[in-house]
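With these hints in hand, go ahead and build the complete structure from the sequences.
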Amino acid sequence: MPGPEADFLADLRGHGYGGEVGLSVRALDGTALIALNAERVFPAASTIKVPLLVLALERAQSGYLDLDGRVVMQDADRVPGAGVLHELSGGLALTWRDVLTLMIVVSDNTATNLVIGALGVDRVNAWLDAGGYGHTRLVGKLQLPPEQRNAAQRRGERNRTTAHEQTRILTRLARGELLDAEYTATALDILSRQQYRDLIGRRLPRRPDSTLLYRLCSKSGELAGVHHDVGVLYTPRPLVVALLSEGGTDPREHPDNRDVTLLADRLWPLLAALGKTASAASGGDI
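Numbered per my numbering, the sequence shown finishes at 296, counting up by one with no gaps.
Just so you know, not all the hints are guaranteed correct.
[To be verified] Below are the SDA-like pairs computed for lysine to any residue, each with C-alpha atoms no more than 20 Å apart in a straight line:
hint	residue 1	residue 2
1	K286	E187
2	K286	A45
3	K286	P248
4	K286	L223
5	K286	R268
6	K286	R165
7	K286	D219
8	K286	R216
9	K286	A42
10	K286	A37
11	K286	Y244
12	K286	T196
13	K286	P246
14	K286	Y74
15	K286	G40
16	K286	D78
17	K286	T41
18	K286	R217
19	K286	L38
20	K286	E49
21	K286	D17
22	K286	P215
23	K286	R247
24	K286	G13
25	K286	Y224
26	K286	G29
Everything labelled a hint here was simulated from the structure, so no lab data went into it.
If you want it as structure tokens, here you go:
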């Protein structure tokens, strides 16, 4: 495996990272630039919310989902984990636009389950199959108590994906091949406002006001020992990136996770070079 993939992996190993990594980087025209274990199946964690966002907006574009229509969150809908809705009282009426925004921007699991309920697990997986994303699967709603889990979840199955399929979805989204111009812009706008910037966004150069120098439309995902980030990075040469990882030495879901910091430190120089930035040798503040 000569080339930048080997150098990236050797760099990680040399700095003590012992987990598994899947990395896919594409140019916006779809050209594969990096493919390291890109077909390996990982637990999807919250990256499963990327196809959910796209399919929900496709349904809105087709007239089946009114983004300004409201859904009422009931007490029974609230689930733990990421997000804020589980901290709020039942009876809250949210627009579907709000729900999609919460699902991505703060990775809200309760919002995600409202979206899954509206779309249906079978429809989501049929959409994935039709798009050729056969290794990405939605098994069921997130963070359910044991008595509410479906048969597949009780068997231990988890939502899953690959770096290759994440970059394919995001490339097609960014190129306007999945949604029309209005809904493509909506999807990218929501992804650009994600508040978790621990991996792809961690070492990107920043302006004096702390905003990222390059626009990043992304979605992270974490479980114990699982740390992912996928997105479209608008460097001078725009890149579509998916970095999936599991099994490192630090299982914590924490911004200072040692594995996440190490992955981010090694990733930015690679993206800077591929993105042909003016500061390919440096990261952090400018």
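Okay, the hints, checked on the actual structure:
Restraint check for K286 and E187: the C-alpha separation of about 25 Å exceeds 20 Å, so the hint is violated. Using a Cα cut-off of 20 Å, the hinted pair K286 and A45 holds, with the two alpha carbons roughly 18 Å apart. A distance of roughly 9 Å separates the Cα atoms of K286 and P248; the hinted pair therefore holds under the 20 Å criterion. Distance hint between K286 and L223 is fulfilled; the C-alpha atoms sit about 14 Å from each other, no more than 20 Å.
Note on K286 and R268: the hinted pairing is violated, with a Cα-Cα distance of about 28 Å set against a maximum of 20 Å. At roughly 46 Å between alpha-carbon atoms, K286 and R165 are farther apart than 20 Å, so this suggested pair is violated. Between the alpha carbons of K286 and D219 the distance comes to roughly 23 Å, so the proposed pair goes past 20 Å and is violated. Distance check on the hinted pair: K286 and R216 sit about 17 Å apart at the alpha-carbon level, within 20 Å; holds.
Restraint check for K286 and A42: the C-alpha separation of about 16 Å stays at or below 20 Å, so the hint holds. A hinted pair counts as satisfied when its Cα atoms are at most 20 Å apart, and K286 with A37 qualifies at roughly 11 Å. With a C-alpha separation of about 11 Å, the suggested pairing of K286 with Y244 holds against the 20 Å cut-off. Among the hinted pairs, K286 with T196 is inconsistent with the structure: their alpha-carbon atoms are about 27 Å apart, more than 20 Å.
Between the alpha carbons of K286 and P246 the distance comes to roughly 6 Å, so the proposed pair stays at or under 20 Å and holds. Proposed proximity of K286 and Y74 is contradicted: the alpha carbons are some 42 Å apart, above 20 Å. In summary, the hint linking K286 to G40 is supported, as the alpha carbons are separated by about 17 Å, within the 20 Å threshold. As the CA atoms of K286 and D78 are separated by approximately 40 Å, the hinted pair breaks the 20 Å bound.
Restraint check for K286 and T41: satisfied, since their Cα atoms lie roughly 15 Å apart, inside the 20 Å limit. In summary, the hint linking K286 to R217 is supported, as the alpha carbons are separated by about 18 Å, within the 20 Å threshold. The straight-line distance between the Cα atoms of K286 and L38 is roughly 14 Å, inside the 20 Å bound, and the hint therefore holds. Between the alpha carbons of K286 and E49 the distance comes to roughly 26 Å, so the proposed pair goes past 20 Å and is violated.
With a CA separation close to 18 Å, the supplied pair K286 and D17 stays within the 20 Å bound. The suggested pairing of K286 with P215 holds, with an alpha-carbon distance near 14 Å, which does not exceed 20 Å. Distance check on the hinted pair: K286 and R247 sit about 6 Å apart at the alpha-carbon level, within 20 Å; holds. With a C-alpha separation of about 17 Å, the suggested pair K286 and G13 falls inside the 20 Å cut-off, and the hint holds.
Between the alpha carbons of K286 and Y224 the distance comes to roughly 12 Å, so the proposed pair stays at or under 20 Å and holds. Taken as a hint, the K286 and G29 pair is broken in the structure, with Cα atoms around 28 Å apart against an allowance of 20 Å.
Going through the hint list in order, the structure does not satisfy hints 1, 5, 6, 7, 12, 14, 16, 20 and 26.
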